[in-house]
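Protein chains in written order, with this note's numbering: chain Z, 1 to 156; chain P, 1 to 388.
Hints in this document: simulated from the structure, not taken from any laboratory.
Fair warning: there could be bad hints in the mix.
Claimed, not checked - Computed cross-link-like contacts, EDC-like style, restricted to lysine to aspartate or glutamate with a CA-CA straight-line distance of at most 20 Å:
#, chain 1, residue 1, chain 2, residue 2
1, P, K18, P, D172
2, P, K18, Z, E69
3, Z, K36, Z, E69
4, Z, K12, P, D131
5, P, K356, P, D172
6, P, K229, P, D47
7, P, K223, P, E57
8, P, K361, P, E385
9, Z, K12, P, E57
What the hints assert, rightly or not - Reference listing, derived: stretches of chain Z covered by chain P, where coverage requires no fewer than 3 residues with Cβ under 8 Å from a Cβ of chain P:
#, stretch
10, 45-56
11, 99-107
Unchecked claim - Going by beta-carbon spacing under 7 Å, a handful of chain Z positions derived as facing chain P:
#, residue
12, R59
13, I139
14, L143
Even for Gly, the Cβ is constructed at its ideal location relative to N, Cα and C.
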Amino acid sequence: MEETWCYQVSGKLEIPYRYFAGEFLSRFFVELRDHKKILGVRCPTCAVVFFPPRSICGRCLSPLGEWVELGDTGTLQSFTVVRYSEPTHPLQAPFVLGLIKLDGADTGMLHLIGEAELSALRAGLRLRAVFKEKREGEILDILYFRPEPVAKEAGR
Amino acid sequence: MSRKRNVAIVGIGQTYHKSHRPDVNQVELVHEAVRAALEDARLSMKDIDCVVHGNMELFEGIHQPDMWHVDGDGGFLKSGFRLSTGGTTGGTLVSAADHLVASGLFGVVLAVGFEKQEEGHTTTGITAMADPLWGRTLMTGAISGVRAGLLVKEFGERAELAAARLRVKAADNALKNPFAHLKLKITVDDVMKSRLLAYPMRLLHMCPESNGACALILAAPEKAREISKKPVWIKDHVTVHMEETFYRGGPQRIVPSMDVAAKKLYQRNGIKNPLKEIDVFEMYDPSSWWELEWMEYFLQLKHGQNIDLVEEGATEIGGRFPINPSGGVVSTNPIGATAMIRVAEAALQVRGDAGKHQVPKEVRMAMASSFGGTLWTILHLLTREVEA
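Work the whole structure out from these sequences, hints included.
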């Protein structure tokens, strides 16, 4: 059967943008860039340490100002192995995305897991941040989190 | 339309408005307005049942701002939704909040509009995403001189002088408003000599791109009287949609939404002479030319009477029918909040709390309009007293 030709418009939208972290959150990125420090923020009312940090507690609406230095170690809460590639992905597939709760924080955050045996991944795995050599003040200044050597190997 | 119960504005908050706010992120900007509204109403977030949130579609290049603004707007575990209706967004938010309370669904509703215009690209938001068949490759975005050109054709220099006078009026009023964005000391001559954008529209005629947010708290009668000594009642509101847009249908199509909205509102509320019965009007004026033109429809004037009124000074802050004592949109324009600021400023006038830009007369009834690229019009009618 013959198909009727229909006019179509194709194109590409480009949206220039910038986003300001604000004075408060900028400190997080400066500390990460200059000192490889990962900072969280404590809400004294809710007794929660937020990572990533924020200047207002969404739960009680208190203004937050108490920075807490978190370790560069944490625990894998959940993960997935990404098996397909998209231009927007940070890496070529396969790569691992994990929800990581840093030591000292009460909330977890999405980041990359690297240097890991896929078969060894499990919730509860201990992880350590690997920092970029030349850091620019962005969340990928942490290249990824890699599994810590298990306890029996730790003493070597 | 009939409402189950009356609704009052009991909390009013806005940020100061600026071109550049690197000191706060979007969440924090929204929060400034929310905190101001809560403080104005002496409420905490516990008292709020529902949060409605809005801004321009994709102006900041972010998705679902209602989701990640929860930290700032207090929506955590509460009911609510996002609305985005172009320039009218802020007015739509007020109408939605009114519906939510008037219907009996919620007792106290918080409405929040914001825009951080420096973070996105307005022309992409308007032109690059316009109708792919007829508008995308042709339209100039928010700046259109087509309607203004018709006024000049008919009234000549009188029209140009009137538009310039309106711009100077806005500037003078903005100097009295601590929240206004542009604080310009300008003359009619400055306006007439400013850079030409699209004849006869000049740079000074146009609204700026502002960063800012506005928040209003609406409540049911019993609650409203408990919260506020001066609740401002939402007597009525009208939304008029129409076919999109400039480039399909010609300039005559732009007229009806303001005209239809005004006629409906006045008829429903028994208003025979808006100039006498309404005490102050906060109009969404994307440019001084549109303020001039739209006066005719909004106030149901005889053709050409708008220019007479401007020449008389009637719409100045101390005139017999003040329009935009706040300085209006040509002074301050954080788009997703802009239309809500019209309602907020009208409510401040009714309360008598507008400070240095309070009009020097008794305000019992105020009107606010919303406008957007959709050519939609919303009118809100606010009153100091309400019939039970």
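_Tell me the hint numbers this structure goes against, listed in increasing order._
2, 7, 11, 13 and 14
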